[in-house]
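Protein chains in written order, with the working numbering: chain A, 1 to 409; chain B, 410 to 492.
Hint data in this document are derived by calculation from the structure and do not stem from the laboratory. Built from N, CA and C at the ideal position, the CB exists for glycine as well. Each hint should be verified, as a subset may be incorrect.
Restraint ranges, calculated between C-beta atoms of paired labels, are given here [unchecked claim]:
1. T423/B / L5/A: 31 to 41 angstroms
2. T413/B / K21/A: 52 to 62 angstroms
3. G78/A / S490/B: 51 to 61 angstroms
4. D415/B / D4/A: 35 to 45 angstroms
5. N260/A / T413/B: 30 to 40 angstroms
Sample of chain B residues at the chain A side, in silico, Cβ under 7 angstroms [unchecked claim]:
6. L450
7. T466
8. P468
9. L469
10. N470
So you can see what is in the structure, the chains are spelled out below.
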Amino acid sequence: MTFDLFEKFDSILNDYNSLPKGAANPFTVSMEQVLSPTTAIINGRKTILAGTNNYMGMTFNQECMDAAQEALLTLGTGTTGSRMLNGTYNSHKKLEDTLKKFYDTQHAIVFSTGYQANLGIIATLAGPKDYVVIDADSHASIYDGCAMGNATVVRFKHNDADNLDKKLTRIRKNDPQAGILVVLEGVYSMLGDQAPLKELTRISKAHNAFVLVDEAHSIGVFGETGRGVAQEQGVEDQIDFIVGTFSKSVGTIGGYCVSNNPKFEALRLVCRPYIFTASLPPSVVASATKALELIANSNLRAKLLSNSRRLNNGLSQAGFDMGTTGESPIAAIIIAEQDTAIAFWGEMIKEGVYVNLALPPATPKKLNLMRCSLSAAHNHEQIDFMLEKFILVGTKLGLLQDIPKRILA
Amino acid sequence: MTQTIDEIFEQICTLIAPFNKKNIPITKDSLFSVDLELDSLNVMDILSEIEDEFDITVPLNMLPDLETVGQFAEIVKQLLSEQ
Ligand SMILES: Cc1ncc(COP(=O)(O)O)c(C=O)c1O
Chain A
1 MTFDLFEKFD
11 SILNDYNSLP
21 KGAANPFTVS
31 MEQVLSPTTA
41 IINGRKTILA
51 GTNNYMGMTF
61 NQECMDAAQE
71 ALLTLGTGTT
81 GSRMLNGTYN
91 SHKKLEDTLK
101 KFYDTQHAIV
111 FSTGYQANLG
121 IIATLAGPKD
131 YVVIDADSHA
141 SIYDGCAMGN
151 ATVVRFKHND
161 ADNLDKKLTR
171 IRKNDPQAGI
181 LVVLEGVYSM
191 LGDQAPLKEL
201 TRISKAHNAF
211 VLVDEAHSIG
221 VFGETGRGVA
231 QEQGVEDQID
241 FIVGTFSKSV
251 GTIGGYCVSN
261 NPKFEALRLV
271 CRPYIFTASL
281 PPSVVASATK
291 ALELIANSNL
301 RAKLLSNSRR
311 LNNGLSQAGF
321 DMGTTGESPI
331 AAIIIAEQDT
341 AIAFWGEMIK
351 EGVYVNLALP
361 PATPKKLNLM
371 RCSLSAAHNH
381 EQIDFMLEKF
391 ILVGTKLGLL
401 QDIPKRILA
Chain B
410 MTQTIDEIFE
420 QICTLIAPFN
430 KKNIPITKDS
440 LFSVDLELDS
450 LNVMDILSEI
460 EDEFDITVPL
470 NMLPDLETVG
480 QFAEIVKQLL
490 SEQ
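Excised from the complex, chain A in its bound form (with noise of 0.2 angstroms):
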């Protein structure tokens, strides 16, 4: 069967095929009816949403949805076309300048995902002679971004600021003239772990070279005003490129990356991600404008942490082995065997509770993860709730009879 393209496949399809079928099948949920940014109705029961990245609650915003709704009233449902044609309305502009405000910044690009943003700006910025040095856990956006361009690829330990430095050290051994770009991540979403970006960009600018952040997980989460990591640890002042998303704490779609590099609008020019494909809609860049307006003066921050370190207290406490610690708004639990970490994903789904069920090669260590994202709009009973579940399942599951000898242990 050589002539056959999908031959490829079959051992991937080999392994879905064996997983449960219907409702208990991790990868085709579909919600029926959406609620609200914490609830809907899968398989015709209301379920608690626990994993949808929906950090700041936005997506049922009623002013982001009364500017959405207006603005497609008034410019209608597409812009079918490029930003370089004539795909830029006033609104993408406007929506650039609000994040300019937001960051500070003198330069701002919106995509119309952070997936294209990062491909965009990754296989642009680094040519043919550069170098671009990535941590080891990054996202498959940044991964796909490397081998899209022509740069060399150099990967070094998750957060590992001394495998870092061997790696620039030996580049610059090597190529003393070379352009580097390292490409880094303010919270890492399978863990919620952050970057110590004081030490990775002290190193980096120690090398000459450029500095990425992918906020996607932090924009809305950390800092002040909401900028992200960045400006949590004070280093904003280091980066060159900021790259976000606004589908998870802006609650809708769309990407961007805002910098301060004078030459930073030659990119409208070459990135090839940026151009071939069409604008976001206006409804989506009007509700993204709002929100992010929104962001910088909330005080939901806080009520988010707090959420998460509930939810991760309570994991911990009920004696899962836990893959997070309550300082990013994830809170995942580490299952050994797959096996039983897709039943007990079929069983929370039964109770009520909408999880990700998270497994290699997704998740850094090989690990099999139960990982809720905690929104600032979940209340006490539905993190309470979640918790009861999951502690009826994981005792189910035989996952929390062994308390006494971890303690021990």
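Given the coordinates of chain A, assemble chain B with the ligand onto it according to the supplied hints.
Just chain B with the ligand now, with coordinates in the frame of chain A:
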């Protein structure tokens, strides 16, 4: 001080050992994916260990052409000689 290909191969085998959970015997022709049952993430981690062990840069871009342990040893020898 230049190492022979066999010495490099032996060193690489030591680096692979922690990933080789089933202690599958390694030869120069061993394919990472089929024979050693390692996925692309494992291979990237091994590559990183090799970089630090031999003090060289092995770009990720080279990975598609590196299917066997012997090919790894050869690329290391080549990169060492270019220094
Ligand atoms: C770190 C990181 N970067 C980029 C993206 C892509 O964002 P978007 O949904 O806007 O394509 C994500 C989303 O999954 C992400 O986690």
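Each hint tested on the structure:
1. T423/B / L5/A: 31 to 41 angstroms: Because 39 angstroms falls inside the window, the suggested range holds.
2. T413/B / K21/A: 52 to 62 angstroms: 56 angstroms, holds
3. G78/A / S490/B: 51 to 61 angstroms: For G78/A and S490/B the Cβ distance comes to about 57 angstroms; the hint holds.
4. D415/B / D4/A: 35 to 45 angstroms: Holds: the Cβ-Cβ distance is about 40 angstroms, inside 35 to 45 angstroms.
5. N260/A / T413/B: 30 to 40 angstroms: 52 angstroms, violated
6. L450: L450/B check passes; min Cβ-Cβ to chain A is 6 angstroms, inside 7 angstroms.
7. T466: The hint holds - T466/B has a Cβ within 7 angstroms of chain A, the shortest such distance being about 5 angstroms.
8. P468: Holds: closest Cβ of chain A sits about 4 angstroms from P468/B, inside 7 angstroms.
9. L469: Hint on L469/B: holds, closest Cβ of chain A at ~4 angstroms, below 7 angstroms.
10. N470: Nearest chain A Cβ about 6 angstroms off; hint holds.
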